[in-house]
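Work out the full structure: start from the sequences and follow the hints.
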Amino acid sequence: DAKTTQPPSMDCAEGRAANLPCNHSTISGNEYVYWYRQIHSQGPQYIIHGLKNNETNEMASLIITEDRKSSTLILPHATLRDTAVYYCIVRGSSGTYKYIFGTGTRLKVLA
Amino acid sequence: DSGVTQTPKHLITATGQRVTLRCSPRSGDLSVYWYQQSLDQGLQFLIQYYNGEERAKGNILERFSAQQFPDLHSELNLSSLELGDSALYFCASSVEGQDNSPLHFGNGTRLTVT
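Residue numbers (this note's numbering), protein chains in the order written: chain A, 164 to 274; chain B, 658 to 771.
A portion of the hints provided could be inaccurate.
What the hints assert, rightly or not - Cross-link-like lysine-lysine pairs, in silico, PhoX-like; alpha carbons within 20 Å at most:
hint	chain 1	residue 1	chain 2	residue 2
1	A	K232	A	K166
2	A	K215	A	K166
3	A	K166	B	K714
4	A	K166	A	K261
5	A	K215	A	K232
6	B	K666	A	K261
What the hints assert, rightly or not - To be clear about the criterion: a stretch of chain B counts as covered by chain A if any three or more of its residues have a C-beta under 8 Å from a C-beta of chain A, and this derived list gives those stretches:
hint	segment
7	704-717
8	758-768
None of these hints come from the bench; they were simulated from the model.
We put the beta carbon where it would ideally sit given N, CA and C, even for glycine.
In structure tokens, the structure reads:
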């Protein structure tokens, strides 16, 4: 079962920052938070991951709360091409190697 | 391009038939994952292999089986196909051996059972 909770859908204006929340209140100490996105029916695309520190790459920033029970993916300047389903996943070495995808957040970037 | 190759891209077959989907992982990746995505549904984890050995199993039907070969490519075999097996089947690979290695997905095989 998915260990994360995400809003089913969000809208964002083009050029604005898109902030996608994820709740993972049962995360354990050695579990990482991963974000992927799926554009239409393409294969999911890896975006970013982190353990407890904030992370940034060329695609996005990941902000993890101090208690690690939630995180936010930030797309700093959303474009129409960022319209996709975004998945937040937690996964670590706590006895499972499964990547379990939840239902994700359907982000629609509006012109 | 993720570096993960899946063939064929599309497959149309009839109920009761058997098909084989193929996945070539990224160079250097030892782990292969298979997922099923039915229309407007989420990604369902089926099975994972690491360096030729089964490592984790998800909701994989008994009619489905998979294996990973010495050259690390993997095949997913689907038999006695039913209409409900129509879906996108994705393969992903990772370096594994590190707890924080992300998955890299192929573009999937779209299976249509008629």
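### Query
So which hints don't hold here, by number, going up?
Going through the list in order, the structure violates hint 6 alone and respects the others.
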